[in-house]
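> Sequence:
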Amino acid sequence: MHKYSCAECGKKFETEGFALRCPVCRCKVLIHLEGERRKAKNCSGGCGGGCSCGSCRH
187 MHKYSCAECG KKFETEGFAL RCPVCRCKVL IHLEGERRKA KNCSGGCGGG CSCGSCRH
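The opening residue of the sequence shown carries number 187 in our numbering; numbering runs sequentially from there.
Calculated directly from the structure, the hints in this document are not laboratory data.
A hint or two may mislead.
[Said to hold, decoys possible] Below, in silico cross-link-like pairs of lysine to any residue (SDA-like), each with a Cα-Cα straight-line distance of 25 Å or less: (1) K189 - I217; (2) K189 - K214; (3) K198 - L216; (4) K198 - V215; (5) K189 - F199; (6) K198 - P209; (7) K189 - R207; (8) K214 - T201; (9) K189 - C213; (10) K198 - R224; (11) K189 - V215.
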């Protein structure tokens with residue numbers, strides 16, 4: 187389960203999968219609040235502290 191907040195209208199919502207748009211205003215800018223984060227393409231998740239993929243938080 188994933189929980190998001192819309193950057194434009196502030197609506198908070200949950201989805202089973204990853205969301206691409208707000209269900210209310212259709213904005214594409216979403217803040218991921220809970221759930222497994224997406225990994226960048228070609229990222230194994232073990233990039234270390236200098237990683238810029240956004241999925242490796244050390």
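> Hint by hint, say whether it matches the structure.
Going down the list of hints, with the structure as the test:
no., hint, result
1, K189 - I217, "holds, 9 Å"
2, K189 - K214, "holds, 15 Å"
3, K198 - L216, "holds, 10 Å"
4, K198 - V215, "holds, 12 Å"
5, K189 - F199, "holds, 6 Å"
6, K198 - P209, "holds, 10 Å"
7, K189 - R207, "holds, 13 Å"
8, K214 - T201, "holds, 15 Å"
9, K189 - C213, "holds, 15 Å"
10, K198 - R224, "holds, 19 Å"
11, K189 - V215, "holds, 14 Å"
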